[in-house]
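K.L.:
Sequence:
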Amino acid sequence: MAIETVKEEIKKSGEKNVVINRAIKSRANDPFFVKKAKEAEAFLEQHGLPQAYVK
Numbered sequence: 001m002a003i004e005t006v007k008e009e010i011k012k013s014g015e016k017n018v019v020i021n022r023a024i025k026s027r028a029n030d031p032f033f034v035k036k037a038k039e040a041e042a043f044l045e046q047h048g049l050p051q052a053y054v055k
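Counting from 1, position 34 in the sequence shown corresponds to residue 34 in full-length UniProt numbering; the numbering is continuous, with no gaps.
Bear in mind the hints are in silico, worked out from the structure with no lab data behind them. There's no promise every hint is true.
[To be verified] Taking lysine-lysine and the DSBU-like style, the derived pairs with C-alpha atoms no more than 30 Å apart in a straight line are:
| # | residue 1 | residue 2 |
| --- | --- | --- |
| 1 | 25 | 38 |
| 2 | 36 | 25 |
| 3 | 25 | 35 |
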């Protein structure tokens with residue numbers, strides 16, 4: 001990816017400290033993160049959130 005392309009994408013985003021790198025692989029389906037997400041969901045179902053965080 002050319003540096004000019006990255007600079008153009010940063011300008012479009014409107015943010016000053018944004019780094020866009022399309023070469024970074026998504027970890028959404030990584031078994032480790034899938035397992036942690038399921039554990040967190042089970043914990044929240046069992047214990048819930050404190051009232052301060054529930055709107």
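K.L.:
Taking the hints in turn, state whether each one holds.
P.N.:
Hint-by-hint comparison with the structure:
{"no.": "1", "hint": "25 <-> 38", "verdict": "21 Å, holds"}
{"no.": "2", "hint": "36 <-> 25", "verdict": "19 Å, holds"}
{"no.": "3", "hint": "25 <-> 35", "verdict": "18 Å, holds"}
Taken one by one, the earlier hints all hold for this structure without exception.
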